[in-house]
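Note that the protein sequences, when read in sequence, are chains A and B.
Numbers 1 to 483, taken from the numbering used here, label the letters of the first sequence in order.
Numbers 484 to 667, taken from the numbering used here, label the letters of the second sequence in order.
Any given hint could be a false lead.
Straight-line distance between alpha carbons at most 30 Å, and here's what the computed BS3-like set of lysine-lysine pairs gives [claimed, not checked]:
{"hint": "1", "chain 1": "B", "residue 1": "Lys560", "chain 2": "B", "residue 2": "Lys633"}
{"hint": "2", "chain 1": "A", "residue 1": "Lys394", "chain 2": "B", "residue 2": "Lys560"}
{"hint": "3", "chain 1": "A", "residue 1": "Lys278", "chain 2": "B", "residue 2": "Lys583"}
Sample of chain A residues facing chain B (criterion: CB under 8 Å; computed from the structure) [claimed, not checked]:
{"hint": "4", "residue": "Glu157"}
{"hint": "5", "residue": "Gln158"}
{"hint": "6", "residue": "Ala438"}
{"hint": "7", "residue": "Asn447"}
{"hint": "8", "residue": "Pro450"}
Beta-carbon label-pair distances, calculated as ranges [said to hold, decoys possible]:
{"hint": "9", "chain 1": "B", "residue 1": "Ser568", "chain 2": "A", "residue 2": "Arg75", "range": "19 to 29 Å"}
{"hint": "10", "chain 1": "B", "residue 1": "Pro661", "chain 2": "A", "residue 2": "Ser380", "range": "42 to 52 Å"}
{"hint": "11", "chain 1": "A", "residue 1": "Lys334", "chain 2": "B", "residue 2": "Lys633", "range": "50 to 60 Å"}
{"hint": "12", "chain 1": "B", "residue 1": "Leu541", "chain 2": "A", "residue 2": "Lys220", "range": "32 to 42 Å"}
{"hint": "13", "chain 1": "A", "residue 1": "Ile285", "chain 2": "B", "residue 2": "Arg555", "range": "16 to 26 Å"}
{"hint": "14", "chain 1": "B", "residue 1": "Ser568", "chain 2": "A", "residue 2": "Ala204", "range": "42 to 52 Å"}
{"hint": "15", "chain 1": "B", "residue 1": "Gly526", "chain 2": "A", "residue 2": "Lys19", "range": "47 to 57 Å"}
Calculated directly from the structure, the hints in this document are not laboratory data.
Ideal Cβ positions, reconstructed from N, Cα and C, are used throughout, including at glycine.
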Amino acid sequence: MRSLKRLWAWFDDITGTSKALGPPLTHPVPNARKSRWFYVLGSATLAAFLVQVVTGIALSSSYVTGAGQAYDSLRFISGTSLGSVLRGMHYYGSTAMIILIGLHVIRVYLMAAYKYPRQVSWLSGVVLLLGTLLMAFTGQILRWDQGGFWTAVVAAEQAGRTPLIGNWLGHFILAGATPGGATLSRFFAAHVFFIPAVLFTFIAVHLYLVVRNGISEPPKAGQPVDPRTYRRWYHALMQREGVPFWPDAAWRDLFFGCIVVLAIFLLAVIVGPPEIGKPPDPTIIQASPRPDWYFLWYFALLSLIPNWSETFVIVAVPAIFILFLIALPLVAPKGERSPLRRPWSIVLVIFMVSAIGYYWHEGVLAPWSPHMDAPPLPESVVGVSSGPIADGAKVFYDKGCEFCHRISGYGGIRGPDLSDSGDRMTRAEMVTRLYSGAANMPSYSNNLTPQELNTLLDFLQSRHRAYKYKISPPPIAQALRAP
Amino acid sequence: MASNLSNDDILNAAPGPGPSRQVDPQEKKRRTFLTDVGVLAAGIAAAIVTVPAIAFLLGLRKTPTIWRSLGRVDDFKVGETIEVSFADPSPLPWSGVTAKTAAWLRRNGEQEFVAFAIYCTHLGCPVRWIPTANLFMCPCHGGVFYADGKVASGPPPKPLSTYPVRVNQGLVEIQTSPVPITTG
Numbered sequence: 001m002r003s004l005k006r007l008w009a010w011f012d013d014i015t016g017t018s019k020a021l022g023p024p025l026t027h028p029v030p031n032a033r034k035s036r037w038f039y040v041l042g043s044a045t046l047a048a049f050l051v052q053v054v055t056g057i058a059l060s061s062s063y064v065t066g067a068g069q070a071y072d073s074l075r076f077i078s079g080t081s082l083g084s085v086l087r088g089m090h091y092y093g094s095t096a097m098i099i100l101i102g103l104h105v106i107r108v109y110l111m112a113a114y115k116y117p118r119q120v121s122w123l124s125g126v127v128l129l130l131g132t133l134l135m136a137f138t139g140q141i142l143r144w145d146q147g148g149f150w151t152a153v154v155a156a157e158q159a160g161r162t163p164l165i166g167n168w169l170g171h172f173i174l175a176g177a178t179p180g181g182a183t184l185s186r187f188f189a190a191h192v193f194f195i196p197a198v199l200f201t202f203i204a205v206h207l208y209l210v211v212r213n214g215i216s217e218p219p220k221a222g223q224p225v226d227p228r229t230y231r232r233w234y235h236a237l238m239q240r241e242g243v244p245f246w247p248d249a250a251w252r253d254l255f256f257g258c259i260v261v262l263a264i265f266l267l268a269v270i271v272g273p274p275e276i277g278k279p280p281d282p283t284i285i286q287a288s289p290r291p292d293w294y295f296l297w298y299f300a301l302l303s304l305i306p307n308w309s310e311t312f313v314i315v316a317v318p319a320i321f322i323l324f325l326i327a328l329p330l331v332a333p334k335g336e337r338s339p340l341r342r343p344w345s346i347v348l349v350i351f352m353v354s355a356i357g358y359y360w361h362e363g364v365l366a367p368w369s370p371h372m373d374a375p376p377l378p379e380s381v382v383g384v385s386s387g388p389i390a391d392g393a394k395v396f397y398d399k400g401c402e403f404c405h406r407i408s409g410y411g412g413i414r415g416p417d418l419s420d421s422g423d424r425m426t427r428a429e430m431v432t433r434l435y436s437g438a439a440n441m442p443s444y445s446n447n448l449t450p451q452e453l454n455t456l457l458d459f460l461q462s463r464h465r466a467y468k469y470k471i472s473p474p475p476i477a478q479a480l481r482a483p
Numbered sequence: 484m485a486s487n488l489s490n491d492d493i494l495n496a497a498p499g500p501g502p503s504r505q506v507d508p509q510e511k512k513r514r515t516f517l518t519d520v521g522v523l524a525a526g527i528a529a530a531i532v533t534v535p536a537i538a539f540l541l542g543l544r545k546t547p548t549i550w551r552s553l554g555r556v557d558d559f560k561v562g563e564t565i566e567v568s569f570a571d572p573s574p575l576p577w578s579g580v581t582a583k584t585a586a587w588l589r590r591n592g593e594q595e596f597v598a599f600a601i602y603c604t605h606l607g608c609p610v611r612w613i614p615t616a617n618l619f620m621c622p623c624h625g626g627v628f629y630a631d632g633k634v635a636s637g638p639p640p641k642p643l644s645t646y647p648v649r650v651n652q653g654l655v656e657i658q659t660s661p662v663p664i665t666t667g
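Isolated chain B, as found in the complex (with noise of 0.2 Å):
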């Protein structure tokens, strides 16, 4: 009878502990112990591996604030808006034009600056500059700025962000800060 059994008749009728063999007490709780063995190494492996690699992923590089110099005092006309760009706080090797910022920065007086961020508040498109028409304007939906940042039409939230500027030794210093983000 057995002989005329094919390989995969064999394989289908896999032998093992069927449900029918009688279990006593004795093993069926030392196959409980093993099972919770066998599922808490797999966790502790499980979260080994996955906590730190979560914790990578999610950590955000602190970044310091430092201040970048962004030109003499004298290089700037009183009330004009111009682009200034500084390099950010602490750019990676390999960031390339990335590790770049621009900005507006207007001298508004002797020792008077202001920095605006380029990120429109409504969706973080860059705005430019009209020096005729004395207003920014975003490319994407049309928002416009008045030249003290201030919301003059379209759908910005909110004014222009600004960076801090300070007047060092002659020379205009710009203080990194991280992207404004449009809270909800």
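Next up, chain A with everything else stripped away, as it sits in the complex (with noise of 0.2 Å):
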């Protein structure tokens, strides 16, 4: 014991660990009371992306980075129990981070703690979050399956609206005129080197900030900041009531971040890491690519925007985004800090998150994706076998009009439920509808004959209200067998 504290000793003199970590483990930060919990969700980001650095690297000692391979790798990590587990860990790490730095950026704002002295903190925090989207994108894109391979493709045509350098861009993310071997690589040099050593930077920069200007307070209403007075007023009550971080802030951060850890674990063995889905072919066109939940609220966000304000949305809306946050510290440095002196920010934050909600639950149903894959309305739907309006059944089916008009139960939800279209609408009001189509339907003037048009129509004139949601046969409809 006694060699074990000399050779302590010895090392900590030529080293000067203690000395150089001491002070900033035990500098003091403010008894926040109340509020402590608040100032976890911090470090259990951080405690997430570490759960990222580690089984991120034991992924990669498996994962090949090649167009032609990666599939395959990926298939055969899963097909391990602990690769399954180290992808399952990866995916909710990954959700775990998201989510933290999300609930860590709003309670950073809502308390202000944006203000001097710490903006930079502030800034370096705005390039943590963009470089945190931009793994959990790129991360989706190397699983290289169908939805990773066509992730990429809806990148590039996204970075196309941008103006006057759009094409350019588009095809620089792709690393080429179409996307294959070189694409993939791209994205793993971009998700394996280049964001980390980002992340890594600002978050050195992030902690050597909090240390240099300290935690900041829990806000006070009628207490602003004002920069003359800060420094010494925040030394002042660190003087009176400072705990040091080390343990008194510290053990909460931990067991915080352990449960956080925990609970990643526990979703990877119990639900497991996302499907890999079909091959990376393009040649497959049985695809609906669809992002990752993180991005779903803007998948769903892009399909419901009149048409005209796409480009703008695409470029224009996450532009004003960054530049909101880049500019808040710069243009608000000083005064209140609580929110409840600053109701504008409480009203945004509700509706960001509304917002976001709102969306993203539009992107769960997605109702504006035509269900392409619905099976034909059976006999029990249409109510009868043989006839005009089993006929106008078919022609409804064939024509793809069940991809976006759903039938008792069946089919798409992109245009209205014609389950009882025969009360709605007249046979007039049909032909015209058919005939003109309208924003979200084609026309099918020239693409029915007479005969098509005819049992369709008898088909979608024998729906009715009484039997919408009976699948059985409906008794009207058998009457209705001859015209």
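Using the supplied hints, reconstruct the complex from the two chains, each of which is provided in its own coordinate frame.
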């Protein structure tokens, strides 16, 4: 024991370890009292990031960065029990990181901790937030199944909307004229080297600034930040009621971080990693690319906005969001911090969270996506097995109507539900709609023979509210057999 | 006195030219010069490393446009649209299945063919030809195109892009092209 102590003293003398680590670890932090658990979100994000680093390194030791082999190597990794757990941890680790960094940003924004002298803490945090989102996005592509492949194409198309350099930028993302061998390597380099290097650097800056400027105290209404007096006031506050970071606050960070890691591990073991889709073969047309959950709300947003605003939303909205984040600490470096005195901050957070929540919910339902795998209507829905109504039901399926229109629970939900179309529209109205089409419905004027049109109308006129939700044969349909 | 200093005291009181020491103008000039030399050397070294790296990253491989055969003219029926696939102009050896490209080929007449890109002009998802409906449909956001590639409904801002096609000695040939990117 004594020799160990002497060894430590010798090591500490020649390295200065305790002198370097002691003050940062024990620097005084505010006694946050009721809001003290809000202060663990940043460190919990870091905990999730460390999970990503460790599991990512492990996964990369078996992953093959070749467009032709990545898919098979990932299937191999998933086939081993530990590989499957590691993939799951990497997936739920990214999920945790996105959720925690989002909550951390909200906490810091509501408490206005970006004000003097912590402006650069916020700005470095903006880089970390964007880097985290980029990691989530590039990570999905590295799965290099059909979804990953088409995500790269969709990313290139979105970048293509950028004014002037759009075409170049789109092909830069694909690393060539067509998505292929070079595309995956590009995303791998970004995901494994470039963005992590940026994250490591800015995490260091972020942490250094926490030690230099101290953790922000919980705001009090009527206690505005004045750059001329703040440092002296904060110093006095720490003298009066500060507590050493280690262990008074650090235990909470470690405890919550442990819960986060445990949750990631349990989800990976119990739920398992995300499914690997079909191979990234561009000639398999049966593909319905969907982003992972983190960007599902954005996918929904692009689907629900009017077409004319699309380029603006794709290019300008992210740019405005980033500009807002950068401008915030520069424009408002002083004044009230309490959200009670900044009611607009609460309104903005509620608006953002509910908008993302709404679009996310829509993204899960994806009502704008045609259900191209919908089965033909069964006889129990059509009501008859032969005759014009049955023929019309076949036309309804063959012409793709059912991909977008639901009848008695079958089909897509992009267009109106036609389960009771016979009650709502006359034959003439139906003809007009079929011929003229609509913004989201093609015109069928040159696409239906008179015979097809008549049977389709017979079928649609036979749909009535009385059995909208019944799957059993509607009796009236039997009577309408001969129109 | 000196013997009472601990190691840390000595470290904290590091020796060196403190601000109080008088610097003669000649020495000051020399230091300015040495600073310039140091910054310049670091700049040159950094440029030597980063310029080729960034140029390599930004440079896109120039791919030739070449004609790929899709099959004999007689293999295709007039009025039919079918999926064809062909190899990229110069696929990388490790591309695997991603070296392929698909297109929708339609035979309009005896010698008349048109090939549509599978990429929806909205956001690039693969459109599917529904033969019974005579329409191309996109599974992502519900874009629909008529058989001639014109927008029928939904968000696509422009018609499906086409590849040049020709008939050469009884063979249908398609010219490889970059992925069409819809610009803003």
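Here is how each hint holds up against the structure:
1. At roughly 21 Å between alpha-carbon atoms, Lys560 of chain B and Lys633 of chain B fall within 30 Å of each other, so this suggested pair holds.
2. Distance check on the hinted pair: Lys394 of chain A and Lys560 of chain B sit about 25 Å apart at the alpha-carbon level, within 30 Å; holds.
3. A C-alpha spacing of about 15 Å is found between Lys278 of chain A and Lys583 of chain B, which places the hinted pair at or below 30 Å, so the restraint holds.
4. Checking Glu157 of chain A against chain B: minimum C-beta separation of about 4 Å stays under 8 Å; hint holds.
5. At its closest, the beta carbon of Gln158 of chain A sits 7 Å from a beta carbon of chain B; the interface hint therefore holds under the 8 Å criterion.
6. Here the hint on Ala438 of chain A is kept, as its CB sits about 7 Å from the closest CB of chain B, short of 8 Å.
7. At its closest, the beta carbon of Asn447 of chain A sits 5 Å from a beta carbon of chain B; the interface hint therefore holds under the 8 Å criterion.
8. At a threshold of 8 Å, the smallest CB-CB gap from Pro450 of chain A to chain B is about 16 Å, leaving the interface hint violated.
9. Remark: the range hint 19 to 29 Å for Ser568 of chain B to Arg75 of chain A is upheld by a beta-carbon distance near 23 Å.
10. About 50 Å separates the C-beta atoms of Pro661 of chain B and Ser380 of chain A, a value consistent with the hinted range of 42 to 52 Å.
11. Separation of Lys334 of chain A from Lys633 of chain B is about 58 Å and conforms to the stated range, judged on CB atoms against 50 to 60 Å.
12. The supplied range of 32 to 42 Å is broken by Leu541 of chain B and Lys220 of chain A, whose beta-carbon atoms lie about 51 Å from each other.
13. Here the CB-CB span from Ile285 of chain A to Arg555 of chain B is close to 23 Å, well matched to the stated 16 to 26 Å.
14. Taking 42 to 52 Å as the suggested C-beta distance range, the pair Ser568 of chain B and Ala204 of chain A conforms, at roughly 49 Å.
15. Take Gly526 of chain B and Lys19 of chain A: their Cβ atoms lie about 35 Å apart, and the range 47 to 57 Å is violated.
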